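Number of protein chains: 4
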Amino acid sequence: MTHNVAILGASGYTGAELVRLISQHPSINIAALAAERKAGLDMAQVFPHLRHLSLPTLCKIDEIDFSQIDLCFCALPHKTSQEVISALPKDLKIVDLSADFRLRDPDAYEKWYGNPHSAVEIQEEAVYGLSEFYRDEIKAARLVAGTGCNAATGQFALRPLIAAGVIDLDEIILDLKCAVSGAGRALKENLLHAELSEGYHAYALGSTHRHLGEFDQEFSKLAGRPVKVQFTPHLLPVNRGILATVYVKGTAQTVHDTLAQAYEKEPFIEVLPFGEAPSTHHVRGSNFCHIGVAEDRLEGRAIVIAALDNLTKGSSGQALQNANLMLGEEETAGLMMAPLFP
Amino acid sequence: MTHNVAILGASGYTGAELVRLISQHPSINIAALAAERKAGLDMAQVFPHLRHLSLPTLCKIDEIDFSQIDLCFCALPHKTSQEVISALPKDLKIVDLSADFRLRDPDAYEKWYGNPHSAVEIQEEAVYGLSEFYRDEIKAARLVAGTGCNAATGQFALRPLIAAGVIDLDEIILDLKCAVSGAGRALKENLLHAELSEGYHAYALGSTHRHLGEFDQEFSKLAGRPVKVQFTPHLLPVNRGILATVYVKGTAQTVHDTLAQAYEKEPFIEVLPFGEAPSTHHVRGSNFCHIGVAEDRLEGRAIVIAALDNLTKGSSGQALQNANLMLGEEETAGLMMAPLFP
Amino acid sequence: MTHNVAILGASGYTGAELVRLISQHPSINIAALAAERKAGLDMAQVFPHLRHLSLPTLCKIDEIDFSQIDLCFCALPHKTSQEVISALPKDLKIVDLSADFRLRDPDAYEKWYGNPHSAVEIQEEAVYGLSEFYRDEIKAARLVAGTGCNAATGQFALRPLIAAGVIDLDEIILDLKCAVSGAGRALKENLLHAELSEGYHAYALGSTHRHLGEFDQEFSKLAGRPVKVQFTPHLLPVNRGILATVYVKGTAQTVHDTLAQAYEKEPFIEVLPFGEAPSTHHVRGSNFCHIGVAEDRLEGRAIVIAALDNLTKGSSGQALQNANLMLGEEETAGLMMAPLFP
Amino acid sequence: MTHNVAILGASGYTGAELVRLISQHPSINIAALAAERKAGLDMAQVFPHLRHLSLPTLCKIDEIDFSQIDLCFCALPHKTSQEVISALPKDLKIVDLSADFRLRDPDAYEKWYGNPHSAVEIQEEAVYGLSEFYRDEIKAARLVAGTGCNAATGQFALRPLIAAGVIDLDEIILDLKCAVSGAGRALKENLLHAELSEGYHAYALGSTHRHLGEFDQEFSKLAGRPVKVQFTPHLLPVNRGILATVYVKGTAQTVHDTLAQAYEKEPFIEVLPFGEAPSTHHVRGSNFCHIGVAEDRLEGRAIVIAALDNLTKGSSGQALQNANLMLGEEETAGLMMAPLFP
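Protein chains in written order, with the numbering used here: chain V, 1 to 342; chain Z, 1 to 342; chain S, 1 to 342; chain C, 1 to 342.
Among the hints, a few may not be true.
The list treats identical chains as one, so a pair stands whether inside a single copy or across any two.
No more than 30 Å apart at the CA atoms, straight line, and that leaves these computed lysine-lysine pairs for DSS-like [claimed, not checked]:
hint, residue 1, residue 2
1, K228, K93
2, K249, K38
3, K90, K139
4, K249, K188
5, K249, K221
6, K188, K139
7, K93, K221
8, K188, K90
9, K60, K188
10, K265, K188
11, K188, K79
Calculated directly from the structure, the hints in this document are not laboratory data. Given the structure is predicted, the values throughout are model-derived calculations rather than measurements.
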């Protein structure tokens with residue numbers, strides 16, 4: 001059985017990534033592609049790398065007949081997303097890739113994103129889209145809120161450790177190294193090649209990055225008490241990838257075993273042999289997440305490192321994984337391609 | 001029906017690329033992976049990006065039971081390749097990715113590669129592996145000689161034009177811009193990141209690059225008279241891609257129409273609308289070749305530009321395409337993945 | 001004696017490059033830095049790499065007291081530049097880095113730039129700023145028009161050959177590989193890191209790039225007859241550098257000797273030993289231009305390759321070299337720093 | 001007065017960087033360049049970017065007449081360096097760039113470097129070459145041991161804080177992001193462009209990197225008690241730069257003020273306004289170190305970030321700064337060039 005999907009926000013990187021992935025999916029058909037400002041263009045004019053595919057012409061959202069759509073991917077900017085989703089049919093299955101439905105608490109949303117939430121009642125329906133940890137809820141959900149790409153990476157490294165109580169909850173530091181495609185296709189001076197290549201820097205200093213809202217929500221829920229981590233992202237001259245270097249207090253071997261056991265049956269999460277370091281090179285373009293654990297020379301301290309591709313496992317791959325669950329398809333369908341290296 | 005294949009030279013980039021592609025192929029099974037110096041290791045230790053696959057342990061060539069193998073990919077260095085292939089069963093289907101069986105004339109081989117050919121009798125069997133132009137011969141072949149990656153790119157731009165007689169055969173200039181993975185995983189100073197990134201240069205000046213042997217052979221055969229092109233490759237700080245900018249004398253519109261018609265039914269060759277420029281960005285990681293044609297301001301001159309991924313369409317993708325033909329599979333099987341962008 | 005200079009357009013890359021260079025100049029003082037939209041900011045806020053310098057605060061052009069200025073660098077966009085320069089004191093020495101005063105023929109300007117020239121009378125005063133070839137005129141000039149960066153590169157490769165009559169004037173092809181900083185700090189999608197890195201492509205196909213206006217003017221003047229070249233630029237994922245691969249018909253050894261002799265006493269132009277290829281790596285951040293010549297396998301054809309840094313020798317370094325000439329300083333003052341490698 | 005210097009190990013990156021810097025120095029003359037395996041070549045053959053300079057031909061060390069040399073830079077690999085220096089005249093001023101004389105305790109040397117120290121008596125003479133903190137000792141020294149590039153970066157961030165007692169000495173985490181030129185010009189697979197570009201990873205997990213020997217020595221000496229930090233380096237696809245993100249416990253404002261005060265008069269160390277993040281972009285090719293401090297959302301925690309160019313301030317620039325001190329020259333001579341951006 002073939003499912004018809006629509007992609008809203010098809011002219012951004014996560015939209016294009018969805019098309020790339022779905023083009024190899026055995027049972028999903030792209031029935032509509034919306035991009036307000038590019039409506040009327042062919043996808044090949046916006047993303048020439050998709051030229052070989054037969055795709056619908058880009059349209060405006062209100063041109064889509066949603067009665068023919070089985071599931072809608074919403075790859076719009078936050079704030080826009082909640083407005084658009086409010087206007088969609090109330091029984092349409094939706095995977096949202098924006099930040100709008102990630103935070104259960106509207107006050108937390110307003111704190112981190114600066115504007116009041118305008119679709120609070122829909123927020124209540126939303127399931128947090130970290131597939132490996134919300135699998136059953138996602139299967140039953142109408143609306144799934146894709147996670148932040150940084151938030152996903154950090155959670156893959158930490159959730160089993162917090163759940164198992166094997167690390168000190170008050171001493172968690174996440175130092176993230178992020179590729180530039182996470183910032184999207186926006187025209188900003190700091191995203192220009194000449195500004196970015198050949199150098200790197202931290203940003204959102206002092207644990208002020210918005211994805212902390214997700215960490216706070218999820219880690220605190222898991223621990224049954226407030227957990228606040230330190231989190232410093234760095235922007236690197238690379239197009240795809242997130243590497244989270246996480247400093248924790250706990251026994252490294254226990255940390256490793258806890259993670260290895262937690263992910264033993266997960267098709268996309270690979271825990272490396274003890275002491276080995278993952279690399280974003282080895283997950284690029286794929287839906288895999290590699291995790292390594294090492295013991296520090298200082299007793300009782302461990303380093304956990306997680307690597308994934310922000311556009312795939314961190315965003316559009318995760319979205320397709322969730323769509324598979326919602327549509328009753330094999331969870332891994334269309335997602336088992338190997339990373340591109342070199 | 002599943003075909004068992006062996007890959008000799010699995011520790012190089014083209015070997016790894018074959019594994020990446022075949023991992024998504026519906027009816028090919030990797031039964032053996034050979035790499036003399038890495039024998040005994042798991043592929044994941046040599047190429048961690050393939051960690052998620054269940055693959056045979058790397059072995060030595062003489063450990064392989066070729067009676068169980070339906071087709072053998074030989075991704076070894078030239079000269080080694082002819083020695084190894086000479087010793088393989090004489091009825092084994094082989095796709096060779098080296099330069100050893102590309103040139104029909106042993107003297108030409110010796111001229112361009114510097115050593116006498118030691119398997120001349122096997123050379124006679126070999127079919128030149130440019131799938132789009134030797135399709136029938138490849139279907140019937142036992143041994144297919146994969147083309148040089150630069151040679152493939154230039155031929156996609158030029159063969160239909162030479163065949164149709166629409167350009168001046170004595171005034172063809174190919175200016176190629178090549179990514180670094182074409183040079184393989186060898187330890188050479190000029191391939192170091194610090195030497196290569198942030199700059200670029202020409203090499204093999206004066207039309208001395210070995211792939212000219214292929215151009216001379218194929219273009220002359222096609223024209224029925226000697227054709228000698230100028231060819232200057234440039235090394236760029238990019239991992240994948242070849243862009244051939246070809247300067248020809250002929251009517252640009254005719255050039256475009258000739259190419260468009262020649263490739264109309266080809267699944268992997270896309271001729272862009274007249275005047276548009278292809279980019280290696282838009283073919284990366286895929287088996288597609290994009291071709292653009294423009295008219296110069298100087299009357300009677302045209303520019304033809306072809307872009308492909310040297311490791312895929314230029315090498316391992318081509319090899320799999322040929323293997324599909326030889327095994328009676330759908331030619332496009334395992335090869336329709338979209339390019340990775342960004 | 002110290003000369004006071006003003007830099008108009010200090011918030012762009014060529015403005016910043018001027019500051020970098022002048023900061024090491026023994027006898028030039030930066031007295032004013034203008035940037036309309038950034039007026040009031042410190043240069044360190046716009047270009048943090050210049051933080052260690054004591055520089056005037058950015059101001060608007062009309063805040064500058066030009067009576068205190070000995071020479072003014074104008075690093076503004078074309079069209080803006082002619083308007084601004086029209087309003088400056090008529091006896092102020094000016095080095096303009098824009099395209100506005102490069103073309104002597106106002107019709108040619110309008111043809112290539114799309115707008116009529118609004119300062120034709122000033123245009124008549126302008127000297128074309130290719131220091132090595134207009135040295136005496138530049139010394140005596142009030143207004144010097146800096147050349148296009150691509151135009152400079154091509155001319156270094158070709159002028160002595162055209163002047164000496166050693167190549168076929170109707171068969172000149174320039175294939176240029178250009179770094180991204182040549183496009184400036186403008187917010188354009190194709191200049192984003194995610195769009196540009198890891199791939200490359202040609203643009204301005206068919207010899208339609210504006211710098212052809214300069215080639216036509218200068219080469220025709222030199223030859224005493226119309227000379228029209230083919231010129232295809234390519235955009236590369238590198239920040240600095242231009243490599244011009246020039247295909248000519250002529251005797252390679254003569255071509256080499258002609259260039260070697262022409263540049264024998266030039267401090268910034270290095271002709272490499274016959275057959276060697278220059279690299280943009282080896283001129284980066286410097287005012288040097290490296291030129292290589294090789295013989296093609298096709299008789300009577302040669303390849304000339306020139307490499308320079310578009311922001312230095314191609315723009316701001318050239319501008320400072322011209323300013324030195326205009327101010328009676330040593331031509332090489334502030335310009336002898338070695339390239340940055342790696 | 002002109003000083004004659006020799007550079008041993010001139011075919012490596014730090015050797016070439018010394019030549020680049022000294023070429024602009026007003027009173028240092030390069031009298032000899034040694035490179036054992038490249039002896040007899042011109043420097044332009046080994047480093048074409050230095051082609052414009054008049055330099056001595058590369059020679060073997062034993063061909064140098066050290067009686068004519070005022071100071072010798074030793075840019076050799078560790079272990080080789082101690083052997084070579086043992087054989088040099090005992091009154092020759094030496095700046096060593098290797099690891100051989102950094103650690104005062106021969107046991108510590110053996111622990112971190114794996115071989116016993118063979119020149120223990122010379123080790124006793126050596127002064128640790130962190131110019132800003134050992135200025136007086138360096139002025140009087142015969143032998144100065146240049147610091148590790150990572151070690152320098154971490155110390156610039158931390159020394160004033162440890163000295164002032166404003167941070168918790170048992171809770172210091174250094175997460176370093178390192179460019180590839182720090183690994184030198186060695187032929188290693190992981191340094192190839194195809195292996196390194198487009199991705200990144202941590203290495204030396206668990207605080208096992210050799211530069212920890214320097215941190216332990218210097219921080220413990222400063223604190224008057226053992227101080228052991230956590231330190232994880234990451235390899236990035238960039239040629240120059242080190243960014244140290246340091247997580248400390250202390251009052252951020254105090255941390256900032258302590259650093260600002262400590263470096264107030266230092267010509268090369270710039271402490272940014274509170275809350276601003278430095279970037280390796282803005283120090284590239286220069287001898288500057290930029291330091292930023294921010295307050296974490298978690299009370300009592302601060303982030304200190306230091307950025308420098310590993311080849312300049314982290315190695316050859318530091319070496320020249322020390323040579324200036326040893327020779328009685330202005331400390332900043334030849335070192336005030338602005339960073340190269342973009």
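How the hints compare with the structure:
In this assembly of identical chains, K228 and K93 lie within 30 Å of each other by CA distance neither inside one copy nor across copies; the values are 33 Å within and 54 Å between. When the C-alpha separation of K249 and K38 is checked against a cutoff of 30 Å, the pair qualifies neither within a copy, at 50 Å, nor between copies, at 38 Å. When the C-alpha separation of K90 and K139 is checked against a cutoff of 30 Å, the pair qualifies only within one copy, where the shortest distance is 17 Å, while the shortest distance between copies is 54 Å. Taking the closest pair of Cα atoms, K249 and K188 never come within 30 Å of each other, the shortest separation being 38 Å inside a single copy and 34 Å across copies.
Taking the shortest alpha-carbon separations for K249 and K221, both the intra-copy value of 20 Å and the inter-copy value of 26 Å come in at or below 30 Å. Taking identical chains as interchangeable, the C-alpha atoms of K188 and K139 are never at most 30 Å apart, the minima being 38 Å within one chain and 41 Å between chains. For the identical chains of this complex, K93 and K221 are intra-copy neighbours only, at 26 Å inside a copy versus 59 Å across copies, given an alpha-carbon limit of 30 Å. In this assembly of identical chains, K188 and K90 lie within 30 Å of each other by CA distance neither inside one copy nor across copies; the values are 36 Å within and 38 Å between.
For the homomeric pair K60 and K188, the shortest alpha-carbon distances inside one copy (25 Å) and between copies (24 Å) are both at most 30 Å. Taking the shortest alpha-carbon separations for K265 and K188, neither the intra-copy value of 41 Å nor the inter-copy value of 36 Å comes in at or below 30 Å. In this assembly of identical chains, K188 and K79 lie within 30 Å of each other by CA distance both inside one copy and across copies; the values are 19 Å within and 24 Å between.
Hints 1, 2, 4, 6, 8 and 10 from the list above are not met by this structure, while the remaining hints are.
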